[in-house]
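S.K.: Generate the whole structure from the sequences, applying the supplied hints.
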Amino acid sequence: MTDAPRSAFPHRHLLGIEGLSPLDIQALLDLADAQVEVSRQVEKKKSTLRGRTQINLFFEPSTRTQSSFELAGKRLGADVMNMSVASSSVKKGETLIDTAATLNAMRPDLIVVRHHAAGAVHLLAQKVDCSVVNAGDGAHEHPTQALLDALTIRRNKGRIEGLTVAICGDILHSRVARSNMILLAAMGAQVRLVAPTTLLPPGIGRLGFPTFTDMREGLKDADIVMMLRLQRERMNGSFVPSVKEYFRFYGLDQEKLGFAKPDALVMHPGPMNRGVEIASEVADGAQSLIREQVEMGVAVRMAVLEALASHLPNR
Amino acid sequence: MTSDRPLLFKNACLVDPASGREETGGLLVRNGLIADVGAQLTSVADAQIVDCEGQVLSPGLIDMRAFIGEPGAAHRETLKSAGEAAAAGGVTTIVSMPDTNPVLDDPAIVDFVRRRARDNCLVNVRPAAALTKGLKGEEMAEIGLLKDAGGIAFTDGARSVTNAQVMRRALTYAHDFDALIVHHVEDPDLVGQGVMNEGEFAARLGLLGIPREAETVMLERDIRLVRLTGGRYHAAMISTADSAEIVQAAKARGLPVTCGVSINNLALNENDIGDYRTFLKLSPPLRHEDDRQAMIEALADGTIDVIVSDHNPQDVETKRVPFAEAADGAVGLETLLSAALRLVHSGRLSLPKLLRALTLRPAEILGLPGGRLSIGAPADLIVFDPDAPYVVDKRQLHSLSKNTPFDEARLEGQVTLTMVAGRIVFDRHTM
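Protein chains in written order, with numbering that gives the first Met the number 0: chain H, 0 to 314; chain L, 0 to 430.
It should be emphasised that the hints constitute simulated quantities derived from the structure, not laboratory data. The model shown is predicted, which means the values in this text are computed figures rather than measured ones. Treat the hints loosely; a few may be bogus.
Below, simulated DSS-like cross-link-like pairs (lysine-lysine); rule was C-alpha separation at most 25 Å, straight line [what the hints assert, rightly or not]: (1) Lys-135(L) to Lys-243(H); (2) Lys-79(L) to Lys-393(L); (3) Lys-255(H) to Lys-219(H); (4) Lys-73(H) to Lys-43(H); (5) Lys-255(H) to Lys-79(L); (6) Lys-243(H) to Lys-255(H); (7) Lys-243(H) to Lys-132(L); (8) Lys-146(L) to Lys-135(L); (9) Lys-352(L) to Lys-243(H); (10) Lys-250(L) to Lys-401(L); (11) Lys-401(L) to Lys-79(L); (12) Lys-146(L) to Lys-132(L).
M.R.: Written out as structure tokens, the structure reads:
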């Protein structure tokens, strides 16, 4: 663990991986490594954020991300408030900017935002005085997911640089894929994309990532196989013909995993569609890191909140 | 006829568009494959001999578009009756359309048709599978699984996919599987209530017309989408001079676009409808003579790749009704070659060029090994006398349905023998 000073994190918000330097990423991962230890103690509470208010503002339901952020905040000693769209005034027609102004008037120190529209978190960040963490905006970014994936990879492989990572599935609609592509490339991994062309953003070829429509080819010699969730409404003839066909050609089963390196590891941001993008035998198999990703999620979010805390006023 | 003993065709006028061969010689068949071919081939020890007496020996025809009633409408045509018609007409491979009941949008049904054809049909049947589920034009079918099951191409048959987004995604997805999309280019909204070509003749008959733009608008759209997606695309049938120009421009651009023409649009025009002959109610409709001439030219210059029979059996109930109420379609497997030979006899097209559009080009587009007289190719062959005159009598057609637009027509050119995979499936002398 390097001793990167916490106050060195040079950003007030975490809106995306885009804009972070490899050093920033490194610092967050190092900090997260330490948080893993905190979470594994009997006494899990720190006081870094004591007296601070953290609002989790979720315009899109996400039990796992929201509870991960809640736990992270609480372990750092913050007062955490969850606001989900169902109970907010957004349903009554309030605009995003009005919501931001209302929340801002409550003087929170940190706002964690999940929104269905790409760019919405940036917009909100411009209208508040506190730090904002993007917990996923549309198909744009999900930076803490990419960080927790990176942490999981680094702890299992000892490095990120030089690894071959195959990101597979619905890349078109995935903020997880986008954040991971940026982060992994920045950290020196070879990123490949595996998907039917209907699930690749047109023009993705220009970004310089090799793309594969044949999954076996795409997995060849991969160190990490990162699966993505396919939304139910996209699997019945609009983007892919059927679950049956998708699983046959793009579902990760033991046979296809056999094309990756023998010590390849499997990841999935969850929640999984078993029998759609991943077979149970693989999800629960020896090469799966899926459960470990969840643990790393809390650690990474603690690290992010702590890094941003260095910018809070009255410090 | 078993494939154990070799069989030699001798004294044949060999015509092979693939090699450019056009000479007198022989062809040896062994184990269902072409074992040898050439001018020098006059005798082979042990071989059974078929003396062609100077008639043409060419690859069997590959018809990229035939509707067969099985499953679901076996009263119109079965795989068996279609096979008999095809064999008599010199068609050795039929691409069957997915417009059956149930629709060929399920790998199990494709498999069923293939097995059923293998057991009951004299000629090769390569089913085209549905492009969209239920041919509804809304959700793409299981292109990968259907291809694995034996779907040779993907099409909504007689229907057009009007939703451009669906077409875009299908072309994109099919490209990943190197699957061919075959599309009937006819915008149903522009067709509206139209029943024949729009123009003077429709006006005289008091029938609503179908504008040429019903075809060209759809074709132009598709070609834009091919350019966007890179998907392999075949316009099932074009019928207008403008369409030929559109395809020509797409090819000049290097796009993966090919197209076909119905034998009916090459041999007939709208005037043949005469006094409301419903057997000539077709989709695309018979067009003006200028369009027919343009189709022949486009075939000669290679803009049009293939000629199809567009074989579409209809029974009395769907045809013996007023013109506007009649179903579209005509049978054509059995008359395809003779009708096409009209273009040769009128001096518009050489025989090799005509055969190219009926054998080699469809084989190339579909990725089939046949369609050529090459050593190792399947022995799917025909012997025909290009000059033999006859008058079409619909009662003698092998199809269960008799809706031929060529009834009582004088045609020249008759198949004398048809061979599929080394087996003689039609022999006029023994019939």
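S.K.: Which of the listed hints are not met by the structure?
M.R.: 5, 9, 10
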